[in-house]
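J.: Taken in order, these protein sequences are the chains called W and V. Position 24 of the first sequence, counting from 1, maps to 24 under our numbering, and the rest follow consecutively. Position 6 of the second sequence, counting from 1, maps to 6 under our numbering, and the rest follow consecutively.
These are computed hints drawn from the structure, not numbers from a lab. Owing to the predicted nature of the structure, the values given are computational and were not obtained by experimental measurement. There are no misleading hints in this set.
Below, computed lysine-lysine pairings styled on DSSO-like, alpha-carbon distance capped at 27 Å:
1) W/Lys139 <-> V/Lys328
2) V/Lys107 <-> W/Lys58
3) V/Lys178 <-> V/Lys359
4) W/Lys58 <-> V/Lys249
5) V/Lys351 <-> V/Lys274
6) W/Lys143 <-> V/Lys3
7) V/Lys114 <-> W/Lys139
8) V/Lys107 <-> W/Lys3
9) W/Lys139 <-> V/Lys321
10) V/Lys107 <-> V/Lys321
11) W/Lys143 <-> V/Lys107
12) W/Lys143 <-> V/Lys114
13) W/Lys3 <-> V/Lys328
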Amino acid sequence: MLKIREYEINPELSYDPEEHFWLDVKNGRARVGYDALVQESMGAFVVVQLRDDLSVVKRGEAFGTIEAEKYVGPLRSPVSGKIIALNEQVIANPRLANTEPFGNGWFVEIKLSDFARESASLVTGEAAVREWFERELEKYEDKGWLAEI
Amino acid sequence: MPKDWRYLEDAGVSAQFGLAADEYLMHYYAHGSELRPPVLRLYTYRSHCALVGRFQNIEAELDLEACRELGVQFCRRPTGGGAILMGAEQLGLCFVAPADFDAQAIKPIEVYRKLAAPVLQALSELGIATRFRPRNDLEAGGRKIAGLGIYYDANGAMLFHTSLLVGLDISMMLKVLKVPVEKIADKVHTQSVADRITTISSELNRTVTVTEVQKLVKEHYATTFGARFVSEPWTVAETAAIEKLAEEKYTSESWIFQRTPQPDMIGTSIIKTKAGLLRTYISLKGQVIKSVLVTGDFFDHSNVLHQLEARLKWGAFDRTKIQQAVRKTMSAEQQCQLAIPEADLVEAICKAGMNARAKNRLTNKGSCYYPLSKTPADI
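From just these sequences and the hints, can you work out the full model?
T.: Written as structure tokens, this is what we have:
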């Protein structure tokens, strides 16, 4: 784990720079969860509702809906593919996404269908992840996205 | 040149129509649609409509029997947060735009700041000093005067909603909404709610009309965003589409009565402090605090407690987080010398939550949803 100020980030994973999902890609499958920075900007997760079928999702489409302290909104898939697993633990206990973002707080597993193309928009590799995350952290702080309203 | 934005007004709409109309507006902003300027809709519901938040369990929030007896319509909002009572004296504000309508306001926290600012200005012009209160309220003199919510749909549209209390029938509210102070005597009950909520009319000591407030909110939105509002009422086709959505979604039992896996739990605690007895009432949804009320018969600084209650709302039921919230509230309200030690407050809140969990464990034994591995001592 890399520690950048008070945030931990796993440098071995890939990251969706738009939505701040991490992706653990192995054997053509990706496990997907939120990184620690975005979950802090959203506050405590109250409800995680995931699609109740193992269906096909395109990049940018919602695979679920989330209610956090500050809003209700979609969980937009960072990659295309077939959803092959839903994390029942995070559905039962959405706080896991806050307390164990890189562990039991994952949302779905997706069998990737277009990863060769879509991986270009992800951030991968320790140096790139560090640089991206530091830049994001600065942006979040500058804009006051981590503060209370 | 001012930008032309669409403006809509409705009065006395049904719960189903009101909610469907908000959602209907969002479809104009789906990805790939023709670019459109935002829409501002100011409206009232018929008296009365009880609306629960997106993922609340409606039976846990509303007395549905009382709703039916009193002719109060009930439904589920797309936005999050807690149950509210709407009617002729509560102004609904709906602002719909593409989620990225403002490059600066792409996070909820920034959207709240920007879109609630004209409401704060309108209240200020009326002579009421208000401010944001974390998480999603506007407050006047430490009491809630408006609730805010944001909903992003999956297609790229954003709905910002405000319910602004011009007036409020508290006794009706208490008949319909379940609040976690049911064990207190009726009179104290009403007072404890009245201590936490205010209205424009009561702040100004006169009867203020919704129309007066509506006009000011509209003006301040126009000024803040440099927009010129063009009044475009619903077309016949739009009305038909909204009615269809209302019928298909907002009257359907699968929408109204949908349940979430997180159990709703209510608990209380009474602890003795050097200032007197401290009674705490808490309502949890899973591991999140839905609401908390701290009461006692000795408070001179109840506003501080209201700040604390608001800060805890929709936050994690977690001892460290509760300690942080207590500390933060006390340091933010430096003028206050609250007689209750911080540690006692933390203990009272944690104990109430643990009691709520323990009660739920007894009544929901065997539920596949309840995280049995967690014990009350885990917080």
